[in-house]
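J.: As given, the protein sequences belong to chains W and B, one line each in that order.
Per numbering that gives the first Met the number 0: the first sequence ends with 494, consecutive numbering throughout.
Per numbering that gives the first Met the number 0: the second sequence ends with 494, consecutive numbering throughout.
Rather than coming from a laboratory, the hints here were simulated on the basis of the structure.
From a predicted model like this one, the values you see are computed outputs, not experimental measurements.
Any given hint could turn out to be false.
A pair holds if it fits inside one copy or across any two, identical chains being indistinguishable in the list.
[Stated by the list, open to error] 30 Å max Cα-Cα, derived DSSO-like pairs, lysine-lysine:
#1 LYS399 x LYS275
#2 LYS122 x LYS275
#3 LYS118 x LYS275
#4 LYS399 x LYS118
#5 LYS399 x LYS122
Number of protein chains: 2
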Amino acid sequence: MTTTFHSHNPATGSTNPGLFRAAPPDEVDTACLLAEEAFRWMIGRRNTDRAALLDAMAANILALGEELLTTAGAETGLAVPRLQGERDRTVFTLRALGQLVREGRWVRAEIDRADPARKPLPKPDLRRMLRPLGPVAVFGASNFPLAYSTAGGDTASALAAGCPVVVKGHPSHPATSQMVAEAVISAVRDTNFHHGTFQHLPAGGDRELAIGQELVTHPAIKAVGFTGSFRGGTALARLAASRPEPIPVFAEMGSINPIFILPGALAAEAESIAEKIIGAVTNSNGQMCTCPGLVFIVRGDGANLFLDTLAARAAASPAQPMLSARVRAGFLERLHEVSQVPGVEQAARGQPAEGSGTSQPVVVLRASLSALLRFPTLREECFGPSTIVVECDEELDLLKGADAVPGSLVGAIFAAHTDRAGALAQILAGKVGRLVFNGVTTGVEVSAAMVHGGPWPATNQQQSTAVGAMAVERWCRPVCWQNAPPELFPEELRG
Amino acid sequence: MTTTFHSHNPATGSTNPGLFRAAPPDEVDTACLLAEEAFRWMIGRRNTDRAALLDAMAANILALGEELLTTAGAETGLAVPRLQGERDRTVFTLRALGQLVREGRWVRAEIDRADPARKPLPKPDLRRMLRPLGPVAVFGASNFPLAYSTAGGDTASALAAGCPVVVKGHPSHPATSQMVAEAVISAVRDTNFHHGTFQHLPAGGDRELAIGQELVTHPAIKAVGFTGSFRGGTALARLAASRPEPIPVFAEMGSINPIFILPGALAAEAESIAEKIIGAVTNSNGQMCTCPGLVFIVRGDGANLFLDTLAARAAASPAQPMLSARVRAGFLERLHEVSQVPGVEQAARGQPAEGSGTSQPVVVLRASLSALLRFPTLREECFGPSTIVVECDEELDLLKGADAVPGSLVGAIFAAHTDRAGALAQILAGKVGRLVFNGVTTGVEVSAAMVHGGPWPATNQQQSTAVGAMAVERWCRPVCWQNAPPELFPEELRG
Numbered sequence: 000m001t002t003t004f005h006s007h008n009p010a011t012g013s014t015n016p017g018l019f020r021a022a023p024p025d026e027v028d029t030a031c032l033l034a035e036e037a038f039r040w041m042i043g044r045r046n047t048d049r050a051a052l053l054d055a056m057a058a059n060i061l062a063l064g065e066e067l068l069t070t071a072g073a074e075t076g077l078a079v080p081r082l083q084g085e086r087d088r089t090v091f092t093l094r095a096l097g098q099l100v101r102e103g104r105w106v107r108a109e110i111d112r113a114d115p116a117r118k119p120l121p122k123p124d125l126r127r128m129l130r131p132l133g134p135v136a137v138f139g140a141s142n143f144p145l146a147y148s149t150a151g152g153d154t155a156s157a158l159a160a161g162c163p164v165v166v167k168g169h170p171s172h173p174a175t176s177q178m179v180a181e182a183v184i185s186a187v188r189d190t191n192f193h194h195g196t197f198q199h200l201p202a203g204g205d206r207e208l209a210i211g212q213e214l215v216t217h218p219a220i221k222a223v224g225f226t227g228s229f230r231g232g233t234a235l236a237r238l239a240a241s242r243p244e245p246i247p248v249f250a251e252m253g254s255i256n257p258i259f260i261l262p263g264a265l266a267a268e269a270e271s272i273a274e275k276i277i278g279a280v281t282n283s284n285g286q287m288c289t290c291p292g293l294v295f296i297v298r299g300d301g302a303n304l305f306l307d308t309l310a311a312r313a314a315a316s317p318a319q320p321m322l323s324a325r326v327r328a329g330f331l332e333r334l335h336e337v338s339q340v341p342g343v344e345q346a347a348r349g350q351p352a353e354g355s356g357t358s359q360p361v362v363v364l365r366a367s368l369s370a371l372l373r374f375p376t377l378r379e380e381c382f383g384p385s386t387i388v389v390e391c392d393e394e395l396d397l398l399k400g401a402d403a404v405p406g407s408l409v410g411a412i413f414a415a416h417t418d419r420a421g422a423l424a425q426i427l428a429g430k431v432g433r434l435v436f437n438g439v440t441t442g443v444e445v446s447a448a449m450v451h452g453g454p455w456p457a458t459n460q461q462q463s464t465a466v467g468a469m470a471v472e473r474w475c476r477p478v479c480w481q482n483a484p485p486e487l488f489p490e491e492l493r494g
Numbered sequence: 000m001t002t003t004f005h006s007h008n009p010a011t012g013s014t015n016p017g018l019f020r021a022a023p024p025d026e027v028d029t030a031c032l033l034a035e036e037a038f039r040w041m042i043g044r045r046n047t048d049r050a051a052l053l054d055a056m057a058a059n060i061l062a063l064g065e066e067l068l069t070t071a072g073a074e075t076g077l078a079v080p081r082l083q084g085e086r087d088r089t090v091f092t093l094r095a096l097g098q099l100v101r102e103g104r105w106v107r108a109e110i111d112r113a114d115p116a117r118k119p120l121p122k123p124d125l126r127r128m129l130r131p132l133g134p135v136a137v138f139g140a141s142n143f144p145l146a147y148s149t150a151g152g153d154t155a156s157a158l159a160a161g162c163p164v165v166v167k168g169h170p171s172h173p174a175t176s177q178m179v180a181e182a183v184i185s186a187v188r189d190t191n192f193h194h195g196t197f198q199h200l201p202a203g204g205d206r207e208l209a210i211g212q213e214l215v216t217h218p219a220i221k222a223v224g225f226t227g228s229f230r231g232g233t234a235l236a237r238l239a240a241s242r243p244e245p246i247p248v249f250a251e252m253g254s255i256n257p258i259f260i261l262p263g264a265l266a267a268e269a270e271s272i273a274e275k276i277i278g279a280v281t282n283s284n285g286q287m288c289t290c291p292g293l294v295f296i297v298r299g300d301g302a303n304l305f306l307d308t309l310a311a312r313a314a315a316s317p318a319q320p321m322l323s324a325r326v327r328a329g330f331l332e333r334l335h336e337v338s339q340v341p342g343v344e345q346a347a348r349g350q351p352a353e354g355s356g357t358s359q360p361v362v363v364l365r366a367s368l369s370a371l372l373r374f375p376t377l378r379e380e381c382f383g384p385s386t387i388v389v390e391c392d393e394e395l396d397l398l399k400g401a402d403a404v405p406g407s408l409v410g411a412i413f414a415a416h417t418d419r420a421g422a423l424a425q426i427l428a429g430k431v432g433r434l435v436f437n438g439v440t441t442g443v444e445v446s447a448a449m450v451h452g453g454p455w456p457a458t459n460q461q462q463s464t465a466v467g468a469m470a471v472e473r474w475c476r477p478v479c480w481q482n483a484p485p486e487l488f489p490e491e492l493r494g
């Protein structure tokens with residue numbers, strides 16, 4: 000069994016410096032038990048202490064400077080400006096959750112005061128708030144090595160809730176993961192938290208899958224955060240459900256993110272909409288969970304201009320590296336499946352790839368609505384730089400298309416003032432976590448009202464969000480204290 | 000295959016009048032499709048309309064008068080005053096949820112306003128609220144033929160959320176279920192709701208299990224509410240998870256509901272605590288989901304007086320009917336299992352049963368802490384009129400006991416001013432949905448701060464509650480509208 004591993008530079012195909020050692024089973028076990036100990040320790044700590052921890056994490060990650068960005072670039076093929084934006088988003092999330100925790104309203108404290116005179120029975124004093132579940136295992140994503148990995152949204156929100164975290168390091172970016180983990184461990188130390196509050200297990204080689212399974216089935220682990228493929232997420236969820244004590248898995252998986260362009264908008268803005276869509280499809284070379292995989296248009300005014308602009312912009316786009324050889328192989332396999340469907344045509348292809356890395360040009364496909372309705376493979380995520388333009392004969396067909404799309408993280412409608420978007424918006428609101436008007440699906444604001452979630456198969460827990468203030472609630476459950484003496488309430492309930 | 004069935008009077012063992020016909024497969028299918036149609040119809044309706052529906056349901060159920068209570072009594076063996084309390088609770092819940100819906104805050108509307116001047120990118124307008132999931136299948140409980148059955152908490156909260164309901168009628172109280180269903184159907188008609196808003200499928204005979212399976216696997220059903228046994232709940236949850244599109248099941252299952260008596264309280268109040276506990280154990284003949292199944296005491300002052308009082312009160316308690324022959328058989332089987340454990344002794348037994356019904360006297364058992372820790376069967380629910388007094392040698396043993404108890408709906412601590420309850424309360428808060436001080440576990444207030452839920456195996460969804468305002472959120476998911484034109488917002492987001 001190979002228990003050591005390297006990372007690779009997707010842009011060049013070469014092996015990065017540094018040899019990593021996958022955590023052996025006893026280290027996984029020890030980490031989970033230590034997290035359990037840390038959980039008991041954390042229960043009594045104040046919200047302000049956790050806010051200080053999150054702030055210290057943010058500061059330490061920022062202090063890693065350029066080296067973090069170049070390391071992540073060498074392991075993911077993502078451009079440094081893109082990674083800088085992602086680093087800043089990670090830091091912003093940590094601070095925003097620190098602020099949320101400091102402010103305290105997130106626990107949803109609710110107090111029903113006693114009424115001893117009530118008939119036929121006195122009314123008790125009831126006080127409810129959210130309470131952390133326990134140690135959380137976090138599985139990061141390859142496409143966001145900072146914002147959805149070691150110290151990303153899952154880790155930040157779990158720590159905000161008061162849950163210790165055990166991270167399974169992502170095998171594709173082990174050096175990045177290690178650097179971030181060390182920054183977090185310093186923050187834990189600097190703010191005098193228990194040393195089991197955050198732990199990082201390097202995972203790769205032949206131990207990769209086993210480490211994940213050991214984490215999810217460990218009795219001390221009480222919840223799991225996962226960002227990645229549909230297959231990976233459903234396998235972990237099934238494993239967690241088969242435990243003697245089942246635990247929740249919050250898995251953000253594959254999403255098709257449809258865009259609908261209404262006739263008025265197409266007639267008025269064909270070129271600018273096409274440009275925005277190509278921008279979204281080529282953003283991070285299509286490796287975004289919010290990449291638009293389907294674009295519905297109606298034949299008529301603007302349709303040809305839209306298709307021509309899309310094709311021209313796609314053709315001019317340079318090939319960019321994919322995250323890894325494995326991700327590229329998966330993309331090419333899916334692209335092949337989709338291209339084989341009768342009635343699917345290639346509308347455009349970007350600049351050819353050069354060199355020995357994983358570079359891959361964008362591909363724009365066209366399909367009829369009837370093909371989309373008939374072949375389910377067209378409605379499944381194709382993770383990478385591609386999108387399918389679905390051509391409809393008439394406006395009502397857009398509603399049929401909307402009825403057919405699977406649950407997604409996000410959907411978008413382009414509509415002019417003359418368009419009637421109500422029925423379409425109604426259907427889509429039942430399919431997505433977020434519904435965007437006159438904009439593309441990419442770009443996820445970190446704010447209170449954000450929902451980054453959605454119905455199956457985009458996630459397995461449509462009742463939660465992975466971004467925004469509500470993300471913290473995933474790691475909690477409500478507890479009610481009845482007629483408790485004041486000194487036994489958590490401080491949030493003393494109000 | 001037998002598709003007709005009767006109900007039985009548990010108090011007399013006789014068959015009740017009325018022959019019921021189980022819904023055939025095509026009726027199940029039609030009901031689910033109609034519920035889907037009703038869901039689309041309901042989406043556009045106002046909160047105030049749903050409030051009116053809930054109020055009309057309450058009024059119509061009240062108007063059934065004494066006949067409902069005597070019918071339910073004949074089908075459950077529960078006394079009429081108990082059923083009257085339950086009926087009033089049902090009516091109160093419907094009206095309280097109507098008020099909640101009218102008031103509107105339950106949707107958790109959150110608005111982040113746009114900032115077009117923000118750098119480097121403009122901030123979009125984001126508006127989030129809860130949105131109903133779709134048609135809900137409800138499986139009621141035998142022990143609460145009104146409050147947790149046809150128009151009970153699950154049905155009321157699902158309708159409040161905007162989800163149509165298909166009820167699988169409980170086979171033990173079909174006439175009660177039918178009466179309530181007709182009252183609800185009248186309310187649906189009187190308030191001009193779509194006729195698929197509420198539907199009732201009589202279930203029994205050889206079709207009983209199949210109707211449940213058909214409901215849970217129907218593509219139109221988007222969530223399930225279940226109150227009943229651990230076995231039934233886990234089977235439905237497994238079935239729902241294996242669907243092509245998995246759906247959430249909110250199952251309230253078996254719960255042991257431990258009570259801990261600290262030494263100071265035992266020394267000062269042995270008799271009154273013993274009386275309260277016997278009252279809780281014999282309430283509805285122990286057939287309450289909050290019945291205390293374990294009572295922990297420490298040997299010392301008051302312990303003998305407590306045990307003597309408990310035994311005396313138990314011995315004086317008359318036998319009461321159990322809900323059905325099936326429920327009694329299950330109770331006797333569990334009682335036998337538990338009694339076989341080395342070190343378990345019978346401390347008291349109530350008055351013997353008379354007549355040919357399902358009557359069953361209360362049984363009080365005693366066990367050592369070491370037996371409890373060694374034999375898992377002692378920590379599992381024994382649904383019926385029994386409890387186990389666990390005797391500890393010293394106060395610290397109470398913490399060991401608390402560590403060992405499984406997840407429960409509710410736990411209780413009796414503590415005098417001189418007792419130190421902090422460490423025990425901390426452990427128990429991690430085990431229960433509600434923690435009661437100086438009172439028994441039975442008695443569930445319907446109010447905003449109530450939590451009637453808890454960790455596995457008490458429920459399979461510890462992040463929710465079956466009673467109280469948060470119960471409505473089970474049937475919803477958050478949706479975010481980004482840069483939407485005002486006319487396309489739901490009214491709650493126009494603020």
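J.: Each hint needs a verdict: does it hold in this structure or not?
T.: Results of checking the hints against the structure:
1. With identical chains, the CA atoms of LYS399 and LYS275 are at most 30 Å apart within one copy only, with a shortest distance of 24 Å there and 62 Å across copies.
2. When the C-alpha separation of LYS122 and LYS275 is checked against a cutoff of 30 Å, the pair qualifies only between copies, where the shortest distance is 17 Å, while the shortest distance within a copy is 59 Å.
3. Taking the shortest alpha-carbon separations for LYS118 and LYS275, only the inter-copy value of 19 Å comes in at or below 30 Å, while the best intra-copy value is 65 Å.
4. Taking the closest pair of Cα atoms, LYS399 and LYS118 never come within 30 Å of each other, the shortest separation being 57 Å inside a single copy and 39 Å across copies.
5. With identical chains, the CA atoms of LYS399 and LYS122 are never at most 30 Å apart, being 53 Å at best within one copy and 32 Å at best between copies.
Violation of the numbered hints given earlier is confined to hints 4 and 5; the remaining hints are satisfied by the structure.
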